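Enquirer: Construct the complete structure from the given sequences, taking the supplied hints into account.
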Amino acid sequence: MDDTDEALLVEDFGAFYDRYVKALLAYFQRRTRDPEAAADLTAETFASAMVARRRYRATSPTAAAWLFAIAQNKLSDYWRRGRAEDRMRARLGMERLAVSAEDAELIRWLGEEVATQLVDELPPDQRDAVRAHVLEDQGYAEIAGRHHLTEATVRKRVSRGLRVLRDRLGGGHA
Amino acid sequence: MSSDYIERLRAELLRAEPKPARRALKPLAIAAAAAAAVVLALVTIGDQAPDDAQTYQLSGGAQTARVLQERFAAADVDATVKVSGATVTVLADEDARPLLQPGRLAIYDWEASRIGTGPATFEQATARAARHGDAQVVRSDDGWYALAGPPALTNADLQRARAAEDPLTTQPAVLLDFTQQGQHKFIELTRTLAQRGADGVQHADPFETAQHFAIVVDDRIRALPFVNWRASPDGLRAAHISDDLTDHTATELAALLDSGPLP
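Residue numbers (numbering that gives the first Met the number 0), protein chains in the order written: chain G, 0 to 173; chain L, 0 to 262.
It is possible that part of the hints are untrue.
Covered stretches of chain G (chain L as the covering partner; in silico rule of three or more C-beta atoms under 8 Å from a C-beta of chain L) [said to hold, decoys possible]: (1) 41-47; (2) 95-101; (3) 122-132; (4) 141-155.
Partial list, derived from the structure: chain L residues whose beta carbon lies under 7 Å from chain G [what the hints assert, rightly or not]: (5) Ser2; (6) Tyr4; (7) Arg9; (8) Leu13; (9) Ala15; (10) Leu99; (11) Leu174; (12) Gln182; (13) His183.
In short, the hints are calculated from the structure, not lab data.
Note that the structure is predicted; figures quoted are calculated from it, not measured.
All C-beta atoms, glycine included, are put in the ideal place defined by N, C-alpha and C.
Expert: Listed below in structure tokens is the structure:
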């Protein structure tokens with residue numbers, strides 16, 4: 000079977016989840032510093048992606064960028080409300096999962112240790128691009144302008160860096 | 000580490016995975032044909048009213064009927080519209096109900112307009128609004144809010160509303176095209192939001208300090224987009240509503256807004 004992100008998103012959501020769940024937990028943990036919120040936001044983001052995935056077209060940004068665009072909306076909504084919304088989970092009839100002390104420890108570890116460490120181990124051009132775009136939320140155009148690169152080059156470095164991180168985080172094929 | 004959270008969430012997601020099912024799209028009527036139709040004392044839309052038709056009555060005259068006619072045609076709803084004096088009678092099924100709303104659009108600076116903090120009951124929001132002369136009470140999925148007016152943009156700034164897709168997520172959406180003046184107002188509004196979000200926090204997470212604008216249709220907040228001040232320091236050029244819409248409800252909402260508000 001085609002194992003690109005785009006194919007897995009539509010045909011094997013479990014495998015798509017496996018690839019990105021740790022990166023998403025780390026993303027939310029780094030921003031909220033709250034493992035329960037990170038868990039809720041991750042669940043809500045995947046629930047939204049699952050509902051929406053049949054509309055995804057390969058002509059859109061990459062499936063990973065699409066997933067993180069949903070994540071950004073959830074994060075902004077979280078800061079506005081002071082809590083993670085549960086609309087999509089409610090629509091799907093999903094139960095809210097309790098976050099144990101061990102779960103919280105895992106999420107903190109993903110967010111505060113592993114991601115930073117793995118990013119630091121990337122080749123310098125990918126490391127700087129991933130750090131600026133993913134960890135500091137700088138736009139592609141902004142990074143390109145600052146480092147005198149084309150936007151396409153920055154996108155390529157971020158994409159390659161994220162792929163390496165995903166593989167190192169164990170997001171293999173299900 | 001003994002956490003099984005990732006496995007439990009995976010199992011819960013796959014358990015809840017919806018079966019693929021798509022509602023068949025109704026063919027869209029041609030808006031131009033609707034605009035060309037002339038409303039006199041009696042207007043009939045579609046071949047006939049559906050068998051399970053209900054009767055709806057609104058106050059208004061020929062102008063109200065003309066707006067409703069445009070909405071029904073754009074949303075492909077069979078309906079019969081009659082005007083008698085100052086009353087408009089609509090014979091249609093349940094699909095017509097959302098199109099009978101006033102259709103008033105208002106876009107607010109969310110943080111600057113909101114009166115009080117957090118959601119409230121309807122009574123509390125009404126009390127908050129009463130302390131401001133031109134405030135509007137609106138509902139969201141988490142409660143009621145009072146927004147101090149005037150809004151930054153209204154129907155007068157809207158040139159067109161059309162059902163389409165969210166450009167990024169490909170979800171059903173209603174795209175709002177503004178008039179030239181409306182475009183200037185919208186850029187100004189979102190530039191102000193970007194600047195306020197960035198004030199004094201250049202190294203902060205833009206999602207934590209992002210400011211929002213509220214797109215309100217009648218008494219309901221239909222979208223609360225944020226402005227990412229780092230990505231869009233000069234504001235935004237386009238607005239769309241994509242929260243919780245289906246193809247069907249996006250078509251309805253576009254028809255509601257594109258026809259203009261009821262008089």
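Enquirer: Which hint numbers does the structure go against, in order from smallest to largest?
Expert: 3, 4, 10, 11, 12 and 13
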